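Here is how the chains run, residue by residue.
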Amino acid sequence: MRFKEVGLLFCQLLAVLIFAAGFFPQKKVLKGDAQFQYMAETQRALEPAFDKLVLVVIDALRADFLFQQNVSHFDFVHELLNRGEAWGFTAYSNPPTVTLPRLKGITTGSAPNFLDAILNVAEDDSSSNLKDQDSWISQFAKHGKKIHFFGDDTWLKLFPEEFFQKHDGTNSFFVSDFEEVDTNVTRHLPHELQHKDWDVLILHYLGLDHIGHKGGAASQFMPPKHREMDAVIRQIYDQVDNRTLLCVMGDHGMNDLGNHGGSSAGETSAGMVFISKMLSSYPRPAAQDGVSSPVTAAEDYQFFTRIQQVDFVPTIASLFNIPIPKNSLGVFVREFSSLLGQHATTKIIENYHQLMQLAAKKTAARGNDDIDSMLAEMKDVQATLARTATNYNYAMLFLGVGMLSIVTAATAYCYISSARLNEASVLMIAVTALLGSSVFGSSFVEEEHQIWWWIIIAVVGYSWATRPSCTPSHLVFLVCARLLRGWNNSGQKFMYDFTVAELLKSHPSIKWLLVCATLAVVALDGFTERPLLSIFNLLAGLLCFVYKTCWANVNGEVSPTYAQTLVTKACSLLFAGGTPWDDKQLLVPLARLFFKVTAAIVCMRIAYNVVFAKRKFLSELFPLFTIVLIMQTASQNIPLFLVFTIMRSSLRNILRVGYPQQRCEMFFVLSLILQNLSFFQFGGTNSIATIDLTNSYNGISENYNIYVVGLLMCIGNMAPAIYWSLAAVVDHQLYSKKSYAQQKLSSMFFYSVNSLLLLVACICMRYHLFIWSVFSPKLCYLLGWNILIHFLTETVLEPFLLMVAG
Amino acid sequence: MTTKKRPVGKKKFVSFSDDDALSRTGRLPKNLPQHGSPPVYVRRTWQTIPFHLIVLSYWFIKHSNGYDVRKCTWLLVPCQVLYLALQFNPATVYGNKILKLNYALLAVSGVTCILLTIPCMLLVVLFGAPFLEMLDKTWLLSLHCCVLSYPAVYSVLNSDFKVGFFKKYFISIAVGCWISCLAIPLDWDRPWQEWPIPLVVGAQLGAMFGYTFCSQL
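Protein chains in written order, with numbering that gives the first Met the number 0: chain X, 0 to 805; chain W, 0 to 216.
Bear in mind the hints are in silico, worked out from the structure with no lab data behind them. Please note: incorrect hints may appear among the correct ones.
What the hints assert, rightly or not - Now the in silico label distances, taken between C-beta atoms and shown as ranges:
| # | chain 1 | residue 1 | chain 2 | residue 2 | range |
| --- | --- | --- | --- | --- | --- |
| 1 | W | 54 | X | 493 | 31 to 41 Å |
| 2 | X | 291 | W | 208 | 51 to 61 Å |
| 3 | X | 356 | W | 62 | 23 to 33 Å |
Because the structure is a prediction, the values reported are computed rather than measured. All C-beta atoms, glycine included, are put in the ideal place defined by N, C-alpha and C.
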């Protein structure tokens, strides 16, 4: 690569990184624990309204699951609501609506920031720990209360274990389990309710969320799960006295497909019910008066009184007479003021002081002020604070954008001035313009795969109409592309039940046959020309197959008997010693062996090429690279590489016959389109939720290196993109007259324009409702594409290979 | 006036129709590509503007209850036949002749259209329509497209399969469908975003454009 291109590339990466650093700052939090501020002595002497708290968090409990007729099967809760012993609310949960940020909101009362949503994925991360952040959990712990916790182990990740006298976490990793995650929690109940050696009992049930993810909000498993949860509530209600407050809440809701993370009405409307025998002696909330539960459907899941989920924090703190956590944005729920008697005003003023301190506003001395006007002012402050939860670093934002616009202008100038006017360059500019402008619409970002599909069918249609002589190749290509599109669901909007991947999962024998076929076809490519290399490839392919079946066995998937015999044979051969190995122990050495063997073959081939320069070097190594990519792909997606092989040969045929003058330029543009399309059709989206971690730990033992895992994860998620990028370079080396740097200008043009427009969109929409759920994840993906594909693959790996090829 | 001149002049030149140079200099618009000899083309005239499609689209978007594609297709059929008889066929020139409406061919091309729905549906699925789900709706869409292309199908059959010239009519319908797909991913959750309503409207707009302007291209 020439100096100019490399310089531009570095400046581009740097600009995006600077922007990201300014865009995702760590939020400022007030350190230390809260103390009573207003009339502290009096408050300390107050009697709490309740002695014990039972908090039942039911993951993804949308408001209508609790309250709505024909949807909800919480019959006991309805009965309590009608008796006035339960008060129902719809709690707005601030996006991102995933568990970890929501738990932060429920316990500390603060608005989440985007990093929390990413950290929700990174299981083993500890930086999201709330050890030093004030929360009602820590306040309870500091006041010598005993807390017992059972359920989702996210809580144990958030809080130091010494807060909980007793705990038992369940891992939420296997989403397909509806029963065991919940019985694991419920089995502790009889003992806990009998001994009552706790002040706070927290239960976090995951089953309902898992059902949603698997079958959507209207799944047939929902009613029995509702009844099961209802029975748990009845069990607790029956065995606690009237000095105990039972609170049932969802940490977030779900959309009708059962997913969550975004900011639609379904996802943000979580249900919340406070239950105590004592509540019936107080006036019930106005919205609940004279309403018989279950209630009829309400628009946007708005049932009863609407509160913010963070309002839970000051309410609990006031009812139990502990200081309100420092970072809480919550406003005391007015309905509960009757429970506090004459001290209600004191508590609300306390809440007012705490909130104003957080907002860094001067507080006028409020004494015997009107409660309503104070609550209204607090609501305003809450809204402002929630909106400005993150402080953008504007200097860095504008530095990033400014730098990138200069780089983009330079790149565009270089590209336009060097490009010939032909179909390839027009297509490239059109794709760039289309994708660049699409980032301003949140739905186009969410459904980006549709745009790529829209582009590819246009290209195929155009090419077919103008080059009718290549009709068979076009048809083959189109059929393959359609297969690719039908392989997985992508985006948020459309979920089809009959995707090829789902079908293969339910027919494992066909799946494994296809996997075998794929590996064989890929490995034996070019057998007649170079049989020796093909045999090496076959060896690597065999190892890959053995590893994949072994992995399937360990993870409880079905694999055919011939594969299992193969595994046993191969392992007795490879790891001699006679003792039968457990499949689980085999995984790590097998994967390592695979990587070692491939590395050895690559090194051999490079060494060979250094001595005898062979022009076909790249195309000969291509099958081996493909096998490595297959290794990092989920088994139901592996047959797609067979589809890719067919697609690639028909594409080469079309380009050879139809576009002899611009063969390589066209391949580069199409490679870019196919990279993106296949990335999305492998199941990827622009949302953090679909990052696949399953192949990140191939060959990684327990004391692992985070960078290796990160690299494997990136390769695993970007495998199809790497495939198409390499495919373009193979053809470039064989047929192009241009230098690689010149060729590369086109994709540099695409990346820099695309990045620039996304950064501008992020700045324009920084107060948009979807900034955290749509635009920020997209920015992360852009960084990923820039670094992994644009930089590591296309600027480091490929020029290196081309250099070796000579 | 010109319309009357051409049939008159045609009789003199019909024996020379093999001679490209003569027929080109004589009657054809200068930059028109030749499709077979004798050439088949559609005259450039406002006569081919499909007014019925404008009305139908308006009705479909504004006044049809719940975007009833079935009903729209039923309404479209007689409109298209009338359009072909009164507007499109009189404007189509076959080897310098304007042919009278052939009633048998009218029926044949109707059957052809219905048969064409199957390959059309296959193409629609290949180009990304859901497979196995909502096949009935996809079929309805392809039926609608085929009815929209009915005048062009008739003319192709009438001109001994000179697809060359009429290709652009089919393409314009396809492009209309393609552009309308942009409405699908939007998260507005409107009833008209349901499959295949945007594509039906797109096909109508494409056909509208095609029948109006393709003779100019």
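Results of checking the hints against the structure:
Take residue 54(W) and residue 493(X): their Cβ atoms lie about 33 Å apart, and the range 31 to 41 Å holds. Taking the beta carbon of each, residue 291(X) and residue 208(W) are about 58 Å apart, inside 51 to 61 Å as hinted. Evaluation of the 23 to 33 Å hint for residue 356(X) and residue 62(W) yields a failure: the beta carbon distance comes to about 60 Å.
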